[in-house]
Amino acid sequence: MTATVGTPLARLEGPAKVTGAARYAAEYPQDDVVHGWIVQSPVPRGRLNAVLADPTADAIAVLWHGNAPRLEPADDPELDVLQSDRISYRGQPVALVVAETLEAARRAAQVLQLDITAEEHDAVLRADHPGLYTPEQVNPAFPSETASGDVDAALAAAPVTVDVTYSTPALHNSPMEPHATIARWAGDDLTLYDSNQHPSGIAATVAGVFGLEPERVHVVTEHVGGGFGSKGSARPNAVLAAMAARVVGRPVKLVLPRQAMFSLVGYRTPTIQQIRLGADPDGTLTAIDHAAIGQSSRILEYAEQTAVVTRHMYAAPNRRTGHRLLRLDMPTPRWMRAPGEAPGMAAFECALDELAEKLGIDPIELRVRNEPAAEPEGGTPFTSRHYVECLRTGAERFGWAGRDPRPRQRREGDWWIGTGVAGAIYPTMAQPSTARVRAVGDDFEVAIGAADLGTGARTILTQIAADALGVPVDRVRVRIGDSTLPKASVAGGSSGSASWGWAVTGACRQLRETGGDEAVFDTTELIEKQETEGRHAFGAHFAEVRVDAVTGEVRVSRLFGMYAAGRILNPRTARSQFLGGMIMGMGMALHEEGVLDPAMGEWMNHDLAGYHIPAHADVESIDAAWLDERDDQLNPMGSKGIGEIGIVGSPAAIVNAVWHATGVRVRDLPVRLDKLLCAD
Amino acid sequence: MKTFEYRTATAASAVLAPDAAFLAGGTNLVDLMKLGVATPDVLVDVTKLPLDRITDLPDGGLRVGATVRNSDLAADPRIRERYPVLSQALLAGASGQLRNMATTGGNLLQRTRCTYFMDPSTPCNKRAPGSGCPARAGDHRNLAILGGSEACIATHPSDMAVALAALGAQVRVESATGERTIAVTELHRLPGDRPDLDTVLDHGEMITAVDLPALPFATRSAYRKARDRASYAFAVGSVAAALDVADGLVRDVRLAWGAVAPRPWRATTAERLLRGRPATHENFLAAADEELRAARPLRDNAYKTTLTRNLTAAVLTRLASAGEAR
Ligand SMILES: Cc1cc2nc3c(=O)[nH]c(=O)nc-3n(C[C@H](O)[C@H](O)[C@H](O)COP(=O)(O)OP(=O)(O)OC[C@H]3O[C@@H](n4cnc5c(N)ncnc54)[C@H](O)[C@@H]3O)c2cc1C
Ligand code: SF4
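For the record, the sequence lines run as chains A and B. Going by the numbering used here, the first sequence opens with residue 1, and the numbers climb by one from there. Going by the numbering used here, the second sequence opens with residue 681, and the numbers climb by one from there.
With the rest of the complex left out, here is chain B:
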């Protein structure tokens, strides 16, 4: 492991040295440092900054500080009541110990679990630009069917981010040059020919908070995750959804998918198709199929197409019947 200097962040607006990286819970970054995938000279610990609170916004939304631990966020009564999808997504991720360490900002910026990316003895365009992408011909069972490129088909592994995408969350960032807000669905880049760039953030931009907009019908929302064992495994497919039904018709819907793309995939095509339509299983399937027309599966990940459409219809059907029951 490369020798590094440890500092605590003094302010979000401070300048971050070129060879420095922010450290939050460290559950991803420290692993990558041990493996030699990340080699910062300086770690700037953000967890001492006053960013660990969840506060009410005037419009009825919530502001989640960047260093709020995943466990605390999942357990917050306001989250559980107003945005159950988010609480469920968090609790479906990792393990209790990891969630106690992991933070909102770190979770969003965790890196892909592509096995080549984590093994510096192999080529990988994301880790070593231009070296190639062995995943295309090799181990890609859990890599992207949507949004990938010739250069990279990595998936973003976060569960939390999928719920945030469905909820239309906004990411607040700050740096020495100022502040800005980015839609969570725009935070992660599609790889194109620059898979080494995961996000639109500039070096030194710190996530300070995530804003959850008021979304009254999100009280009827859910997260469902499919994985290779009952717990403590990354998703192989997941769906976050919120549904507003009235008289059997979809008044509004929010739908996002995990484990299928380099970013949490907001299924806008499916959403558009569903608004105003009868909330039926068939329509849910048809909408998912339409969104999945863009899918470009490879040898071992074609099952994700079936899995995602099945999950989508199952989650929405359940939300629809729960809604009608009220």
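Okay, chain A solo, but in the shape it has when bound:
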């Protein structure tokens, strides 16, 4: 049998998706279904005293804290929907309208009168805010601060230093398929057709809120149109749909409109990051200091791990990282593709470019010179680290050699042209999961409650199972996307393939060895024994940009990612993850920004006409390649996570290229034309 892992098998559900046969959460036909519409708070802070429904609107039910069923308190207070009169951010659900049609529900919501006592609010993150504090830990459970050596003394003594502050705006994960739920009760049994990244997690959370045994909640998540972290845990739509279905005694469909995606499902916190570097003239770093500021809501502390990435990247004897947080009358930020790593590396890798400029050293050489032999903090050996090879091989393929280091030197017609580089890193993780395999005649059925966000997870698990069973892929059927299947971890942290693939491998091998009809494999013990430090995927991003001298418009002529990310299980789906991450990185560098109106406490450009992500025309030449790496210390497949690393460092490569093209350092992302425009 030749192995199928490592071959570019096309997504198994591809034909169903492009023909429209694949069903997404809101597309399951239901008899007697009614529609819900969330009424969002029009003020950032205050109290809801009463609601007054318009009698001419055809609502079946209007739920608010005055009449909504009581829920059990959730771990995530965002799920305590309609339980209190307190309004903590603009856009928070304050009522839910149910009607026979979507249009009627929406209309009834629009004419619903809210009696609100508004209060003074505070919506702006700033570095001198008296409310800033150091959280105990940062997402998910890292220490907030680390330090070793004497950073201040080393900086004072360093012949060359950089002290710069970069800021990144609020970014919004707005997957193509919005959050959506159909809820249907049968007695005390609840079925949710729900778009999410973790069916069993959603089932457990929703069960808790309604005081049910977890088995009573059945979550169906066959296909998901993207999540980018925003669907990693239950969002208010799941609870509200279930609540409404219970009240009206009919199935309820609740789909978030695009506008609600900006406040209700999490977002990437804005950051303000001060980075201080000290170096010897030969480029050896003597001090690294990365201090990050982020925000969270009043109701939940989410402290993003923005500076944690700096703990793993470069050697330096004196080092410090820290986080401070500000609680504002704003929605709760949460995970968005590479939370922490993406904004942290955007700033850090730009600061390093500034250091290279000051030192007069090529930015690739500077990075190579500071390559650590083991984890820079703690000294754990790396299971594998081929960062330098990524930089070197990538430079060769990109054509870096002979680059004039001086900015603003190349001009073709109206265009200033420049190139830039930045490193990439993403932790390799695995989380406990269980898989089951059954022999069914000549075929095999593999079951695991995983979710395929469109990444190709289903396809890869089929390949992994086929190889472990020693059969061709067409004899394996993988069932995922259902909370009643063996428990799988969340599709997040680039850990899905490793976590689920491990469980699937275990179950298949066991079946083969025992020769029985069924095998179940739980990785919990194996994973709990594992070291967590020293495990990362690495990469290097290269960008060539051109900047219009007339308008300041930036175009990315070339974007290239070179990765060392373990064994690549399927080059086709892997490539799409790498490229997708890089394109999202382009968005972070050039386009994406939640435009805040402090007086409203709202991001005003809350739709996809106003919130720009790269369009097809923005993506010109883009490519990803990878080294032949296999890391058997990690998991049976030798793989690392690849879903997020593409957005780590790619923004910095582009921003550095913009500087090289124009001589302008833009330190507040995104790099829009007005920041580069100069009078002709």
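Please note that a few of the clues may not be correct.
What the hints assert, rightly or not - Dumping the calculated EDC-like pairs for lysine to aspartate or glutamate here, alpha-carbon to alpha-carbon at most 20 Å:
(1) A/K17 with A/E177
(2) A/K17 with A/E27
(3) B/K682 with A/D54
(4) B/K714 with A/D404
(5) B/K714 with A/D58
(6) B/K714 with A/E177
(7) B/K682 with A/E103
(8) B/K714 with A/D54
(9) B/K728 with B/D739
(10) A/K675 with B/D980
(11) B/K682 with A/E100
(12) B/K728 with B/E685
(13) B/K714 with A/D607
(14) A/K17 with A/D482
(15) B/K682 with A/D58
(16) A/K358 with A/D404
(17) B/K728 with B/E854
(18) B/K714 with A/E100
(19) B/K714 with B/D725
Stated by the list, open to error - Stretch-level coverage of chain B by chain A, calculated; a stretch enters the list once three of its residues show a Cβ under 8 Å from a Cβ in chain A:
(20) 814-825
(21) 909-922
(22) 932-940
What the hints contain is simulated information worked out from the structure, not anything from laboratory work. Positions of the beta carbon are idealized from the N, C-alpha and C atoms, including for glycine.
Based on the hints, put chain B with the ligands in the right spot on chain A.
What follows is chain B with the ligands alone, placed relative to chain A:
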């Protein structure tokens, strides 16, 4: 979404009920209805009327029917040859799908993309007269530097209209009370203290066509648009221009700007300054600067002044050199 009745228009001269609105491609109106910004009780669909043709006028101009789709207009060989600026402007707008739906009349009458206007949970003098204009202190990066008022600084978002303004197009309208023709540059009102009134049209006046006058030198015309991504974004600045040069001198020029004002901004001051002058980059810049003396930028839109002058000089310089090369 408010319940509405759907009807098809029978004639341009029919009476439009007070609570009714014309529907063309629906790409703007239907969005605003979903958002609760527009709440008509009746939609009168104009796309079944025989207004979907482009016909030659005796003077060498063209008459563009109100329901001609933006894609069809951009692709028409006569447009591409005689008025390339118009074709380019259309193709720089929206996306292929939207242009397939959008019509000439609807494009002209699309409403501002001011973020407050589109969000009924915020104040906005244009949507809710007297409620205030949060854009002045808030999100105004893409709002007006010219022609605004204390009450409103909305910009008109159309690309097509900027080309039409440069070409001196005439808008033909009809209603139960008769027909009239309005210069496209007079169609949109400056807000003053009545920002709720976008245009000079009376309720029930239907656009039936847009007339493009003969303008032989418009064969040398161009549209250039600056935006926040490579495609599918509204302009943050744009220039439509036609240039007639002879012996290095500007014989005639047409210049209009987009994304800077509540209407497509015909730069008449700059045009006047340029006629008879040498067609040089410096003169183009100076003329733009003169026109921009009226600009009243705010905190976040001052860049539009620089952008517009740069674009103006770049477009005219290119047209001038293309002209000399002939
Ligand atoms: C995401 C997005 C991006 C866009 N990007 C751009 C862009 O980059 N550049 C750009 O220029 N435009 C852009 N547009 C706007 C688009 O061009 C307009 O929505 C379109 O031109 C409107 O035409 P329509 O026929 O669909 O008008 P409708 O939506 O049907 O109508 C618009 C208005 O005109 C009125 N109306 C329509 N026809 C007549 C008539 N014959 N007589 C009187 N009144 C009439 C209607 O009552 C309504 O008030 C974009 C739109 C969207 C949604
Ligand atoms: S600029 Fe005009 S449209 Fe925008 S908020 Fe002010 S009044 Fe409303």
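> Which numbered conditions among the earlier hints are violated in the structure presented, ordered from lowest to highest?
Replying inline: Structure breaks hints 4, 9 and 22.
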